[in-house]
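Colleague: Protein chains in written order, with this note's numbering: chain C, 1104 to 1472; chain H, 1104 to 1472; chain Z, 1104 to 1472; chain L, 1104 to 1472.
Just so you know, these hints were derived from the structure itself, not from any lab.
As the structure is a computational prediction, the values presented were derived from the model and not from experiment.
Some hints could be false.
A pair counts as met if it fits within one copy or between any two copies, since identical chains are not told apart.
Said to hold, decoys possible - With a cut-off of at most 16 Å between alpha-carbon atoms, the simulated EDC-like pairs for lysine to aspartate or glutamate come out as follows: (1) K1308 <-> D1325; (2) K1431 <-> D1441; (3) K1309 <-> E1419; (4) K1429 <-> D1256.
Number of protein chains: 4
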Amino acid sequence: MTHLVYPGATHSRFQHTIGCMHLISAAINTLQQKGFSITDEESEAVHAAILMHDLGHAPFSHVLESTLVKKITHEEISLLFMERLNKEFNGKLSMAIEIFKNRYPKRFLHQLISGQLDMDRLDYLRRDSFYTGVSEGVVSSDRIIKMLTLHNDELVVEAKGIYSIEKFLIARRLMFWQVYLHKTALVSEKMLNKTVKRAAYIASKKGDTGAPGTLEFFLKTDKESIDFKNDPQVLNNFAMLDDNDIMSALKIWSYSEDKVLSWLSNALLNRKLLAIEIEKDKFTKNHIHQLREIAVKELSLTYSESKYFVFTDTIENNAYNIFDDKIKILFKNSRVKDISQASDILNLSVLSKTVRKNILCYPKNINEQ
Amino acid sequence: MTHLVYPGATHSRFQHTIGCMHLISAAINTLQQKGFSITDEESEAVHAAILMHDLGHAPFSHVLESTLVKKITHEEISLLFMERLNKEFNGKLSMAIEIFKNRYPKRFLHQLISGQLDMDRLDYLRRDSFYTGVSEGVVSSDRIIKMLTLHNDELVVEAKGIYSIEKFLIARRLMFWQVYLHKTALVSEKMLNKTVKRAAYIASKKGDTGAPGTLEFFLKTDKESIDFKNDPQVLNNFAMLDDNDIMSALKIWSYSEDKVLSWLSNALLNRKLLAIEIEKDKFTKNHIHQLREIAVKELSLTYSESKYFVFTDTIENNAYNIFDDKIKILFKNSRVKDISQASDILNLSVLSKTVRKNILCYPKNINEQ
Amino acid sequence: MTHLVYPGATHSRFQHTIGCMHLISAAINTLQQKGFSITDEESEAVHAAILMHDLGHAPFSHVLESTLVKKITHEEISLLFMERLNKEFNGKLSMAIEIFKNRYPKRFLHQLISGQLDMDRLDYLRRDSFYTGVSEGVVSSDRIIKMLTLHNDELVVEAKGIYSIEKFLIARRLMFWQVYLHKTALVSEKMLNKTVKRAAYIASKKGDTGAPGTLEFFLKTDKESIDFKNDPQVLNNFAMLDDNDIMSALKIWSYSEDKVLSWLSNALLNRKLLAIEIEKDKFTKNHIHQLREIAVKELSLTYSESKYFVFTDTIENNAYNIFDDKIKILFKNSRVKDISQASDILNLSVLSKTVRKNILCYPKNINEQ
Amino acid sequence: MTHLVYPGATHSRFQHTIGCMHLISAAINTLQQKGFSITDEESEAVHAAILMHDLGHAPFSHVLESTLVKKITHEEISLLFMERLNKEFNGKLSMAIEIFKNRYPKRFLHQLISGQLDMDRLDYLRRDSFYTGVSEGVVSSDRIIKMLTLHNDELVVEAKGIYSIEKFLIARRLMFWQVYLHKTALVSEKMLNKTVKRAAYIASKKGDTGAPGTLEFFLKTDKESIDFKNDPQVLNNFAMLDDNDIMSALKIWSYSEDKVLSWLSNALLNRKLLAIEIEKDKFTKNHIHQLREIAVKELSLTYSESKYFVFTDTIENNAYNIFDDKIKILFKNSRVKDISQASDILNLSVLSKTVRKNILCYPKNINEQ
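Take these sequences, add in the hints, and give me the full structure.
Modeller: What follows is the structure, given as structure tokens:
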């Protein structure tokens, strides 16, 4: 929903995927030129792997990730797609899948598609910063890729690239707060999430919501029992689903007899967003209760329905946590240091700490009463 | 459908509209600085007019323009929206509407939103060239705007801007052939048009196609009798319609029992496009008949159905004709010359001639048989 | 002197030369990928040739070209440098020299460094447009290079590149009038030329002008008798000469006892430029005579000295004439057409005509008297 | 000498000065829009002040700063120029001078031209990063300026600009090590410094070095006794001096009878640079002595002369120290925090520490003997 804040941000996952493949090419090239052996077959496999790595995303990706389906991550769904494609291609994707699953011996190939400095991040930071116009998020992916090398079959960065890494981490932090967690985008995403949850509730209780067929399928089905592995039709339906269906459904839902669903859908379509507050401390139960009481009165809701309008949540930047594994810097004497030790300027212990914040959403104007 | 050729071209009409408004501001500024009187009210009105000038576009604009509705242009629908908004705003948009309809005395205000050098063209040429990456289409809108001035209340260009105008016309021609009429975009758009026509046929004969409600409304309604003016619900429904509904419908239609509808929808979704040929001369009836015969056999169609797969059409660049009115150049001695006389280098009689070409589409591979 | 108009235009010949080499690489690559045979030796030779092609330029190139030395072109001097370098490199540059002299069998290699679409032009148009900020002069060198191919061992352009060529020619025309022949740059260059001519006159009559040694050498020497071929010291001195010496000399000359030399030097240093008029028709002898008479009085000059302050000249764009040889377009049926026939839009007979204009310079303000 | 490493870096101080003035305009605008009072006269004065702030730089600025003249800083010379200009303009520059000297009551006006976040730094970081192509040094001057505000008449940054400031400091550090202290630029600058010192030595001992007149003036004059204030001719001569004179002189000196002067000049002209080592620890006297001994033998020098070829120096980034005064961040509750406390991520105590390094230069190849 970032385009509500930055109207230029209408770029697609398809563009991102092509971009990732382009960066993989550059990285493979750099490593080969530095004398590391990567066969043509391996190169093709890692290209294929990154082309497929995001196939499992739901519409609006993270926003609806655990709403439409549950107990399965988007990586697992990506893998299911890869396996089905592998059958169609008579096993030609086997090596790509090994790399994706991190079971291939040359571990750095996996690190190129998933790791601290993977091509995915390099592409999306640069692309998002370009299309939002937040020029400060620009990361010099070219230069970082040229500084990549291997040490014990692991991806590391040459010492002279240390300033570029510092800038990469700072730019990431800036994009995180200025774009990915921008208040307006955040509240819209939460509202979209609530809307789809309400539609699923209606679908399970009362039947059709009028949404396009494949979307209705996931709304109706008991989330707990969705079985991607045993029923091939589930994956088929998932493949047919995209953002257009959600947007189209919102317009249908805006005429729904269910007051909650129509209110939320209309609000999203006409940009009448809820108010949002972000605080370090938890909001008190009492405060939330009071807001729900007012909402009940103002919008003529049941108390139970008011939870779609007044709600809290937590956000944390560990979705962007930088310490799954380490960014390693290679010095001339062949010693490798963690970036947290190599950089004397960045307080990485702070950077790595999970920042958890509380958000509170409620209909505009009611807080003053 | 240009994004099938240039994946970066996912920019929206909203961005374009904001861009137009930005250029209008610059143009108003330039004219005021050159001493021409434009009141604050007039400035606001022309800003409002350009913000609303494209409201009447159907989804996929020109592609479906006369398919979903008939006997009414998108300009007329824009005007209906403006008039409804004017009521809501208690007449505050009256001057904007006068300007849009070219009934306002200062005619140059209308020329800024609709004319040979209007801000609409300056914005879309530059924007489309930016997002497609066809950098040669870049038009220096900044400089052209700085060269604008008035002569007898008409928009004219200062003589020293003549090279910029030459470049503008050449860039336009380049964008026309390289982007707007690119073969792949063209055939996709023709197919989309045929698909929606087939859906309308089904809707009129057999009832529901399963498309989202407001789309279904326009499919079902007899095009000839659609009455925007007397039935306010028509405009309401039109306002709810956008590209998402078409994309969502294609996925539903891909499961249709109607073979034609499902074949075309699937073809668009999976990029299995028809073959396309573009020629100066008309294709012979005999040749077309033969192709239809083969299609009938290959795809098990009735002869009548084959017209959705084998068809001709004409394209002309007079949609982009540059000679509705003239681009006038103002020389130092206050004489005004038409650009066609002012430029000694461009053969504008050629540029102005309508180029009409014939296209022929048919399923791939069948022509060789 | 273009930086007097466009302050960003401080780029150097060195940058341009590296740029040319970069474009040659791209062009060689494109041709090889299209299946044409170019050996490694040939590739190296054409790289070397373009690196050296401009070595023979005098300081401020065309401005002082026939002032410091005479009866020898900058291409001939470039060749002398190449031959001397070839000795130092034990003949390794022989093939590069053959290509430069257009004596190498594969003629297209020469066309890449000197011809209608050579890499020299592609680089300087783009570079000059970038550094002046005249963004409309931008030429899509990338795309033009990708459209290059061979036909009978000659460089030709694929038919689908025709719009790019049209734009190249229009951009060139725009740069020509907006940058290269900009009034202010033009008058400064004429004044610089006059200043150096006066210094040469002083040097020949009265001895030292105080200029740096190698510059003084060329000022003092009888231009007619300068012999690059027989006296190796001449080439040595020429190699030592660059723009810095001229700029440094201007400051010394600004203190000269010779009134003409000090006046002109001061005028250039402090941007007190002469007035300039540009007309199609010749200025009358009578008018010029009158201006010289006034200058004599106002600046206390002899009549003979006044020719440094009041003078005419002609400029023609045939320095940029595009019809030395032809730009050839290759159509699918292997037929080759001249761009003048292939483009229906550009009036190339006009574009190719030599435009000759007359300029008149004189001290500011005196014309009104 | 940075252009030896980054050939695009040929931009001039003139461009930089215009750029600073442009940023001042933007900053003044921003502050006025936020409701702070700045009169037209004050605005003009601060524009004038920044236009003149760098007038006192010697050729090659810091490289030759204390070589050509001594006991006077470039700021003091700038002030002398301003005062002379103020006389010519009948006192119209008095307020500009007050601001420059930080004697004007509204202190923030001075801070805009000299301080932690002055327009000078914003311009040169961005400009240098643009022209070198070190894109990572890009600073978002636009955004930083928009975040500026006042608190107690002091320039402060709004809290939401904190990430931009972090990025500014990191970018600065990157430019510092990757550009300003690049090894090759550094050794060239040290060599240029030594060359001019040698020329001054020759000039004082033996008379003329053949350099252009105004340069010779500063070479010959006893540095200690140069008196800018009492002898107006000194300032005149200084005004006439620029980089061209140094470059022109190098070519003359390359023919000098003095072996040291000609060797160094030739080395600079032909890019035969000395070797350079950079270490945290001091180089031992013994090691230096040995190198000098070898240089004496290899290059046939006296021991005293060898100090021009083998020498040490220290570099420190406190020329770029960021803690003269503080960058202050303004929070919503009107509290002001130092950036070092406001940022939890940057270890500013490290960033502020003076890093002092030792460099050792010597003729290439001799160290291995």
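Colleague: Each hint: holds or not?
Modeller: Consistency of the hints with the structure:
1. With identical chains, the CA atoms of K1308 and D1325 are at most 16 Å apart within one copy only, with a shortest distance of 11 Å there and 37 Å across copies.
2. In this homomeric assembly, K1431 and D1441 come within 16 Å of each other (Cα to Cα) only inside a single copy, at 5 Å, whereas the closest approach across copies is 32 Å.
3. Neither within a single protomer nor between protomers do K1309 and E1419 lie at most 16 Å apart by alpha-carbon distance, with minima of 36 Å and 53 Å respectively.
4. Taking the closest pair of Cα atoms, K1429 and D1256 come within 16 Å of each other only inside a single copy of the chain (14 Å); across copies the shortest separation is 45 Å, beyond that limit.
Figure legend: structure checked against the earlier numbered hints; the only hint not met is number 3.
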